[in-house]
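Spelled out from the first residue to the last, the chains are:
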Amino acid sequence: MIYEASATAIAVFAFFVAVVLGLSFYLGRKAKSAKGYYAAHGGVHWFVNGIAFAGDYLSAASFLGICGMIAFYGYDGFLYSIGYLAGWIVALFVIAEPIKRLGKFTFADALDSKFNSRGIKMAAAISTLVISIFYLIPQMVGAGALVKPLLGFSHQAGVLLVGVIVILIVVTAGMVSTTWVQFIKGSLLVVFCAILTVAILNRGLTTQPRAGSAPVEIVSADDPVLTGDGVKVLPADGPWKDKPYIRVIDPANPLHPVVWRKLPDGRYARAQVARTTTDPTGNVMQYVNGKVRGKGEGEQDLLPVGSVISLPEGKQTTGSVGPLEFFATLEDSTIALWRSEKIVESPRVTSTLYYPIPTKGSDALTPGSHPTFAGVRSDSFIQKLDFISLMLALFCGTASLPHILIRYYTVKDQASARKSTVVGIASIGFFYVLTLYLGLGAMVSGMLDPTDTNMSAPLLAKSFGELPFAIISAIAFTTVLGTVSGLIMAASGAVAHDIMENFLKMKWDDHAKVRAGKMAAVVVGVIAMGLGIAFEKLNVSFLVGWAFNIAASANLPSIIMLLFWKKTTKQGITWSIIVGMVSSLAWILLSSQAYKDVYGLPPEDAVVPFSQPGLVTIPLAFLVLVVVSLMTNKQQAVTR
Amino acid sequence: MISRNSRYGLVLFTIYLVLYGGFVLLSAFAPQKMAERPFGGVNLAILYGMGLIFGALFLAAIYMYLCRPTGGVEKPINKEAGR
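These protein sequence lines are chains A and B, in that order.
Residue 512 in the working numbering sits at position 512 of the first sequence, and the numbers go up by one each step.
Quick note: to get the working numbering, add 640 to the position in the second sequence (first position is 1).
Please note that a few of the clues may not be correct.
Stated by the list, open to error - Subject to a maximum C-alpha distance of 20 angstroms in a straight line, what follows is the list of computed SDA-like cross-link-like pairs (lysine to any residue):
id	chain 1	residue 1	chain 2	residue 2
1	A	Lys-419	B	Arg-647
2	B	Lys-673	A	Arg-377
3	A	Lys-315	B	Val-682
4	A	Lys-360	B	Leu-684
5	A	Lys-566	B	Arg-644
6	A	Lys-360	B	Pro-678
7	A	Lys-35	A	Arg-101
8	A	Lys-419	B	Ala-675
9	A	Lys-360	B	Gly-681
10	A	Lys-360	B	Arg-677
11	A	Lys-360	B	Ala-701
12	A	Lys-360	B	Val-682
By construction, these hints were calculated from the structure, which means they are not laboratory data.
Construct the entire structure; sequences and hints are all you get.
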């Protein structure tokens with residue numbers, strides 16, 4: 001869809017940025033020491049830290065990705081919500097207090113507290129860097145993808161804008177300003193999503209199509225528009241062979257046939273057709289439904305989609321509904337979910353077809369509609385393992401993410417670490433409950449962009465007016481700022497504190513430590529901007545899932561065993577991190593998902609049986625730790 | 641090394657692990673169960689999922705209560721943490 005930049009959105013966003021940067025410069029005068037830069041002097045109030053956890057954790061992938069997935073596929077996006085929240089249980093009950101007790105500025109400090117081993121420092125720093133970079137790429141690409149429709153800038157401008165603002169935030173006051181940015185973002189996100197949810201429930205459900213949205217036209221196979229006198233149908237040859245489409249010639253516009261898609265029940269649904277043609281001079285033209293693509297006179301753009309086809313008991317509209325009634329009503333309704341298929345008609349002509357599939361609410365509200373979770377409904381045991389593996393990685397990954405772990409050093413003691421985790425769970429859990437309402441609300445809003453699932457949440461807000469759209473867009477953008485600044489803090493700590501100061505044993509005074517941290521932050525920020533621009537065309541949302549897998553495989557086994565197994569040795573920890581990281585990374589690079597989405601190779605050629613490594617590589621890292629520790633334990637006892 | 645807090649933590653963690661594991665296994669191996677609608681016309685998938693989120697909060701609240709400073713063993717830990 002074509003978006004017009006909203007002046008209100010730009011104004012609201014500029015206001016947010018001004019407040020955030022103003023706050024950073026104000027706080028920057030106070031953060032001069034290394035403890036100030038890396039750990040906000042350990043003086044952040046537990047409540048502020050708890051909300052900052054939400055600001056740190058609820059990334060653009062959480063907010064835009066989950067809402068978009070629910071809006072197009074129903075329940076499956078909520079599986080991520082459940083897994084992402086469950087991970088906090090590991091953080092609270094197992095990790096929070098010891099990590100605070102053992103560490104100083106970084107996760108490597110905590111792992112190394114008993115050993116003073118350079119190997120542990122190096123391994124932990126590298127795993128922090130790898131995880132941070134994997135997590136950063138989708139955030140930066142998301143930032144670029146977001147500003148294009150919302151603020152009207154180019155992708156590059158968006159990435160550079162985020163990069164520069166975040167570097168300014170981190171360099172002025174390190175963890176102090178990062179904490180406050182995340183606090184502001186976390187509270188805004190939760191509060192406005194709650195307001196939107198109330199508005200959704202208040203509006204209720206209706207079968208009245210929204211003005212300007214795509215009509216759902218469904219006919220039976222013998223309908224006159226398909227088989228009537230004088231109706232000419234193009235033969236299903238070439239790329240259309242064996243495809244479930246009927247192309248009816250439009251006498252008024254013979255070059256652009258009307259396309260009907262065969263549905264699972266044998267009826268046909270009219271598709272929106274987006275066609276791109278290149279003439280011999282290299283001139284590219286875009287058409288939608290036979291007209292030139294655009295917003296002007298005689299032009300057409302893809303129409304927004306998403307609607308209720310029928311409500312229970314033949315009702316037209318429900319009026320406002322309760323929180324449970326909302327789900328119950330949807331389960332008995334039929335909803336138009338839009339799918340797309342791209343057909344290369346010739347080297348010069350490509351058509352993308354967008355068509356509605358009438359779906360029972362009860363189907364959309366159970367797991368297994370999205371390709372990632374298709375294993376749930378398949379009979380293949382391996383596919384089911386893939387699902388279990390992903391849910392395991394989400395469960396174990398949260399408490400191993402470096403940008404989450406460093407937040408434990410900003411509070412004063414273990415009790416505060418515990419309390420802030422509980423506040424974090426409350427705010428994040430509340431937000432994830434809202435994601436299901438937001439996603440399903442967007443599903444039936446008549447506002448969805450069939451080409452871009454990530455725009456679902458802002459477009460849902462647009463169905464309530466221009467101002468909510470501007471605010472949610474600006475918040476979405478602030479969301480990227482909060483998470484990226486946390487990641488850059490974690491990566492700069494790994495480079496400056498773990499590698500340069502502790503591994504290379506550079507002798508620095510306090511002032512030089514802060515300077516090194518800031519320089520590392522600038523370098524990481526610049527790299528992140530470069531990657532954000534380089535990966536523009538790649539669908540990168542799955543990188544977040546990969547980052548969780550690597551974090552869970554590389555970091556979790558060593559933290560857990562250090563806490564609960566006395567025989568753990570420094571070699572055991574070092575090798576467990578390295579093996580966990582390398583094996584999960586290798587598994588990912590050999591998976592069908594990487595074949596399909598990264599290399600463009602047939603997914604069935606993939607070497608490993610399922611895409612998500614966690615189920616194999618987490619136990620493997622535990623095993624390596626135990627074996628290596630047992631092998632080196634005697635040796636250490638002797639040398640002691 | 642294992643304090644009273646971490647013992648409480650491990651017990652609560654195990655409870656949650658069982659609940660979460662139940663959800664994952666039920667989704668994977670009995671998806672038709674997830675479509676059943678035991679309460680208020682809402683299916684088990686949504687009820688269980690929401691239950692896991694609110695359950696996390698509930699267990700966190702219990703943990704906070706158990707770990708309150710008057711909990712006996714707490715004092716030396718607090719002293720150490722106050723360094």
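Do the hints match the structure? See the list:
At roughly 17 angstroms between alpha-carbon atoms, Lys-419(A) and Arg-647(B) fall within 20 angstroms of each other, so this suggested pair holds. Simply put, Lys-673(B) and Arg-377(A) have alpha-carbon atoms about 12 angstroms apart, close enough for the 20 angstroms limit, and the pair holds. For the hint pairing Lys-315(A) with Val-682(B), the CA-to-CA distance comes to about 19 angstroms; that is within 20 angstroms, so the pair holds. Between Lys-360(A) and Leu-684(B) the alpha-carbon distance is near 16 angstroms, which keeps this suggested pair within the 20 angstroms criterion.
With a C-alpha separation of about 18 angstroms, the suggested pairing of Lys-566(A) with Arg-644(B) holds against the 20 angstroms cut-off. The suggested pairing of Lys-360(A) with Pro-678(B) holds, with an alpha-carbon distance near 18 angstroms, which does not exceed 20 angstroms. Our distance criterion of 20 angstroms between C-alpha atoms is met by Lys-35(A) and Arg-101(A), whose separation comes to about 16 angstroms. Distance check on the hinted pair: Lys-419(A) and Ala-675(B) sit about 37 angstroms apart at the alpha-carbon level, beyond 20 angstroms; violated.
Of the pairs offered as hints, the one joining Lys-360(A) and Gly-681(B) holds, with about 15 angstroms between alpha carbons and a cut-off of 20 angstroms not exceeded. Restraint check for Lys-360(A) and Arg-677(B): the C-alpha separation of about 15 angstroms stays at or below 20 angstroms, so the hint holds. About 38 angstroms separates the Cα atoms of Lys-360(A) and Ala-701(B), which puts this hinted pair outside 20 angstroms; it is violated. Restraint check: the Cα-Cα separation between Lys-360(A) and Val-682(B) comes to about 14 angstroms, which is no more than 20 angstroms; the hinted pair holds.
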